[in-house]
Amino acid sequence: MKVRILEKGTELYFRYGVRSVTMDTIASELGISKKTIYQHFPDKDAMVYQVLESFIQNDFCKWEELNKSSKDVIHKTLQSLEIMKTTLSEMNPRLLFEVKKYFPKAYELFTKYKEDCIMNSLKVDLKTGIEQGYFRPEIEVDLIARLRMGEVDLSFDPNFYTHSKLSFFDTQQILLDHFMRGILTEKGLSLYLSYQNNN
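full-length UniProt numbering applies: residue 1 is where the sequence shown begins, and numbers increase by one.
No lab work stands behind these hints: they were computed from the structure. Where hints are given, some of them may not hold.
Said to hold, decoys possible - Simulated restraints on C-beta separations:
(1) Gly31 / Asn120: 28 to 36 Å
(2) Tyr102 / Gly31: 22 to 30 Å
(3) Asp116 / Glu11: 21 to 29 Å
Quick reminder that beta carbons are idealized off the backbone N, C-alpha and C, glycines included.
Make a model of the complete structure from these sequences and hints.
This is the structure in structure tokens:
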């Protein structure tokens, strides 16, 4: 039962955000009593925390698989966009903004994942790209990695989209393209464009 509740909570939070989905909503969707939910999750904070924890575990597995299947660092970057596309198609853009504002323990878990896993992975990719001659050797790896993370974070802020007619994913695609063109060497740009033209 706990798995079913967690799956339904994840589905609803990702579709509508965390603020508007109550324990009553989840109970009603599952056709169970709210008391049954509280037997497994003491409160909404615990539910949101475990939803984020489950998401992080799944996301980590996707990135591990990507590390094994990528041809090179540029291929990995473009493939990561496909992973992001799948994730963003299932996620309300307000989700992480609301978690940050109203569920600090869950957001702290997500922040730790970003710093310990995503940020470190990005730094490794930048260093690998430099070694392979695809990225400019003079770039400051720590600064550029943080810049990229900042771009992604910014796009989850609802205020960022106030006047934009672009979709969430299209925005990410444009930001990534600008980012890549800023760090690529001529050799890297040639490979980058060849991958784009083959898609």
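Which of the numbered hints above does this structure break?
1
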